[in-house]
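Spelled out, the chains give:
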Amino acid sequence: MAHAAPLAPAPVPLCTLALVGHPNVGKSVLFHRLTGTYVTVSNYPGTTVEVARAAPRFDREASLLDTPGVLALPSRSDDERATVRALLEEDMRLIIQVGDAKNLRRTLNLSALLAELGVPMVMALNMCDEAKARGVSVDGTRLAEALGVPVVETVATGGEGVGALTDALARAALPAPLLQYDPVLERAIARVATAIATHCPHPRLAARGLAILLIGRDPEVEAWLARQAGGDAVREALVELTAAVGRDSVPARLARERSGAAEALARTVSHQAELHDRTLSQFAARLAVHPLWGWPMLLGVLYLVYLFVGDFGAGVLVGLLEEDLFGAVLNPAVSGFVNTHVSPPWLADLLVGEYGLWTMGMTYALALILPIVTTFFIAFGVLEDSGYFARLSVIANRLFAAIGLNGRAVLPMVLGLGCVTMATLTTRILHTPRERLITTFLMALAIPCSAQLGVVLGMLGGISFAATLIWVVSMVGVLLATGWLASKVVPGRRVPLVTELPPMRRPVLGNVLKKTGGRLKWYLIEVIPIFLVGTLLMFVMDRTGVLPWIIEAGKPLVSGWLGLPPEASAAFVMGFLRRDFGASGLFALQDQLDMIQAVVGMVTLTLFIPCIASLMMIVKEQGLRTAAAMVALIVPTAFLVGGLLNHLLRLFA
Amino acid sequence: MNAAPHPHERIRLTGTPVGRMVHIAEFGDEIDPLQREQLHAYGLSAPHPVKVLQQQPMTVILCDHVELALEHEVARHIWVVAG
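For the protein sequence lines, the chains are E and H, in the order given. FYI, in UniProt numbering the residues of the first sequence are 1 to 653. FYI, in UniProt numbering the residues of the second sequence are 1 to 83.
Heads up, a few of these hints could be off.
Stated by the list, open to error - The calculated lysine to aspartate or glutamate pairs, modelled on EDC-like cross-linking and capped at a C-alpha distance of 20 angstroms, are:
1. K514/E / E526/E
2. K51/H / D32/H
3. K620/E / E274/E
4. K51/H / E500/E
5. K51/H / E9/H
6. K132/E / D232/E
7. K51/H / E274/E
8. K620/E / E263/E
9. K51/H / E263/E
Claimed, not checked - Take a look, some chain E residues computed to stay more than 12 angstroms from chain H by CB distance:
10. D100
11. G260
12. L469
13. W484
14. P491
15. L509
16. E526
17. A553
18. V631
These aren't lab readings, by the way, just hints derived from the structure by calculation. Note that the Cβ used here is the ideal one computed from N, Cα and C, for glycine as well.
Next comes chain H alone, as it looks inside the complex:
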C-alpha cells in the first residue's frame, strides 16, 4: 500500500490517488506557454485546491465545481502538494 505523501512533498498530478484533495504547486517547464495560459484560465493556479476524480483514461479533477479533464502529457507536469 502506498504511504500518504508528506504534506509538503511535491508529487505529480498523475501520481495523486483518486479521491484525494491536493493543492496546485507549480507547472513544469514542459507545458506549452499557451496551454499554461489555458490552465490559468480554467482556474488552475498555485495554491488552489483540486480534487482528483479519476486517473484513467485521462486525469479528471474537480476545480471549483467544474470538472476538468487533462491528458496525462499535461497532468504529469503539474506538481501538487497534499492538502
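With the rest of the complex left out, here is chain E:
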C-alpha cells in the first residue's frame, strides 16, 4: 500500500536511482524485483559489498544501483564507503530508502541523514510481514506526511508492493529535515555548508548534507573534498570546529541527536501490540547462540553438512559420475573414438592420455568436482538463507579473540569454505584494516574452498574418520597458531564485537536453487578453462621432460620430508593453478597412498598457495606487496607443517 507525500511535485526525470538502506533489509531482493537482475541475497548483513547496477524494468534508459548496506552514515567500513562513493560520484536523481518496518526507529535514523542530502526520495518500508508477525504496525500515511516523501509498504521476497513502489517513484520528493541539531552543531554545520556552497558545490548533493558528513569525519567525503579546487576553504572552516563537548565526540553527538529525532517520530507513527507467541524460528535462533546448546547445534549442523557433501556428494554422486558414467561409459567411448580417428598419436594422447584434456581436465572438473561443489553450494545456500551463519559469530567470538579478531570474521571465513575469492571481497565488512589483513591471510592459508573441501572429505572420509579428524585438527591448529602470531605482529588493537543477529527464517527453496545455479555457472566458467589449461601444461611438461625432472628434483622435499610418493610432486605443480586441481591429482593417486600419506598430502595441499583467482583478489584488496608477502609465507608454511605432521604421525604410528 502506498502513502502519498502531501505535496506531490512534478515528476522527477530519472537517470540514476539508488537503493540505500541498512544491511539485511532486502535491498538486493528489491533490486532483483525491479530490474530482473539477480544478485546474491542472503540472510546476513554484508552480502553486498560492491555496488551492483542494472536498468530497471520500468525505465530501461535509467540505471538502478544496489548499494551495500550502511549501518549508519558517516561511513566507517569499506562497504559503507562504497555506498557514500556512489552517492558522491553518480548522477544521483533519486534515492529509494529501503527500511525495515519492524525496526522503524533505526530506519528513520538513517532517513534523518539521507534527508539532508537534497536528493528526491521514496521510502520502501520492507518486511511488513515480519513486522506484522511481531505486532508492529506503522501508520504509513502519517509517516509519509512527516518525511515529505512517498512511503510504500513492501514485502520484497513475495513481490508485494513492488508495483506501488514503481508508481511512487514519479512522486518522489525532497524529504523534510527530521531534526535541527543543537545550536552549537547547527552553527558549525552552517559554516561548513556555506564554505562548500561557495567554494566547491557538489552537482547533486546538498551542501548541508555534505557538511554533516564532513563534520562526522566521513572518509569518502573527506577524500572528495581533497580533490576539489576550493577544498582548502572548507577545511579551514572544519578546523575552527570545537573538539568534543562533554563525553561524546562530535560524530557521536550528531548520531545521538539523529537517534533522538528518529525515536520521537517512530513513537508517533508506529504501534506495538502485545504478543507472547514464540515461533519455531525464534526458538531455533535462541538455541543457536545458547552458551551450552549452541555447540551441539553447531556440531549437528556440521555433521549434516558432512553427510550431505562428504557422504552423498563426494561418495554416492562422485561414484555414479566418475566410475559408472565417466569410467565405464564416457571415457572408454571417447578414448576409442579418438584413438581410431585422430591420427598423430601425440594429439590423441593430448585428448585422452594420462594428462589428456578429456580424461584428466574434463573428468576432474565434471565427474569429481562438480557433484561435490553442487551439494556443497546447496547446503551452503540453505544455511545462508536460514540466518545461522550470523549467529555463529556469537559462539565463535571467544575463539576468534585468541587470534586478535572478533566473531564478525566468522562470516568471511565461512564464506571462504564456499569460495575464498569471493570471501576475500567480503572482508570489507570488517571494520579495521588490521582485521581485514589477518582474515585475508588466514583464509589464503588455511581455509579450503568448497571444491577442495569436498575432495578432502571424499578422500579422507573414505579412508577413516580418524584421517578426517587429523586433517580438521591440523587445519584448526594452524589457523589458531598463525592467527595468534599474526595478531602479535600486525599492529593495531582488537575491536570488541557488537553485531546484529538477523532473525532465523525458513530457507526459500527458489532462492537456494537460484544461488546454487549462479554459483555453479560461475564455477564452471572459472574452473573448466583453468583445469584444461592446467592439463595442457601438465601434458607439455610431461612431454618435454620437465615434469619428470620436477618429480625427481622434488624428491627430497616430497618424498624425504613429506613422505609422499615422488609422483605427488605433480599434484603440487597442479596446486599452483588451483588447490582443488592439486587435490584432485592427489585423489587420483589415492590407491598408492597409505593413511598418513593421504593426510599429510591433503594438509599440505590445503595450506598450499591460494588459487590464481584468489591471489588476484588479494592483490586487488591488499596490494601487490602484501599479496607477495603472503605467498612467501604460505608456501614454506605448508611444507613445514606437512613435514612436521608426517614425522609426528610416523612417530606415533
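Following the hints, put chain H in place on chain E, whose structure we already have.
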C-alpha cells in the same frame, strides 16, 4: 537471591539478569567513539528500553525486535536503569 535493583539505580548491562527489561542510561567513557556511534546507529540511546536475552557467551539484547550481541568489554560499560 539477588534483590531487584531500585527503579532508578544504574547498573551495568552485563549485571542485568536475563529476561529483564531495562532502559539505556549512559555509555561509559571506556567505549571507543566509533563504537559509540555504532551503538547509536543500532538504536541504543538513552532512555530506550531493551530486553536482556542472555549474558553468555556474549550479552544478547532485544532492541526494537532486533537482536544485538555485544561483547562484555562493551556491554559492561553500558549503564542501564531498571524498567
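Going down the list of hints, with the structure as the test:
Taken as a hint, the K514/E and E526/E pair is honoured in the structure, with Cα atoms around 18 angstroms apart against an allowance of 20 angstroms. For the proposed pair K51/H and D32/H, the alpha carbon gap of about 23 angstroms is over 20 angstroms, so the pair is violated. At most 20 angstroms may separate the alpha-carbon atoms for a hinted pair to count; K620/E and E274/E exceed this at roughly 51 angstroms. Restraint check: the Cα-Cα separation between K51/H and E500/E comes to about 14 angstroms, which is no more than 20 angstroms; the hinted pair holds.
With a C-alpha separation of about 17 angstroms, the suggested pair K51/H and E9/H falls inside the 20 angstroms cut-off, and the hint holds. Straight-line distance between C-alpha atoms of K132/E and D232/E comes to about 51 angstroms, which puts the hinted pair past the 20 angstroms bound. A threshold of 20 angstroms between alpha carbons decides the hint, and for K51/H with E274/E the separation of about 15 angstroms falls inside it, so the pair holds. At most 20 angstroms may separate the alpha-carbon atoms for a hinted pair to count; K620/E and E263/E exceed this at roughly 41 angstroms.
About 17 angstroms separates the Cα atoms of K51/H and E263/E, which keeps this hinted pair within 20 angstroms; it holds. With a cut of 12 angstroms on Cβ distances, D100/E falls inside the contact zone with chain H, its closest approach being about 8 angstroms. At the 12 angstroms boundary, the C-beta of G260/E falls inside the reach of chain H, the nearest C-beta of that chain being 7 angstroms off. At roughly 25 angstroms from the closest C-beta of chain H, the C-beta of L469/E stays outside 12 angstroms, upholding its exclusion from the interface.
Non-interface status of W484/E relative to chain H is upheld: no Cβ of that chain comes within 12 angstroms, the nearest being about 19 angstroms off. With a minimum CB-CB distance of about 17 angstroms to chain H, P491/E clears the 12 angstroms threshold, and the non-interface call stands. The Cβ of L509/E lies farther than 12 angstroms from every Cβ of chain H, with a closest approach of about 26 angstroms, so its non-interface assignment holds. No Cβ of chain H comes within 12 angstroms of the Cβ of E526/E; the nearest lies about 35 angstroms off, and the non-interface call holds.
Distance to chain H confirms A553/E as a non-interface residue, since its nearest Cβ pair spans about 50 angstroms, more than 12 angstroms. No beta-carbon of chain H is positioned within 12 angstroms of the beta-carbon of V631/E; the least distance is around 33 angstroms.
Checked against the numbered hints above, the structure violates hints 2, 3, 6, 8, 10 and 11; every other hint is satisfied.
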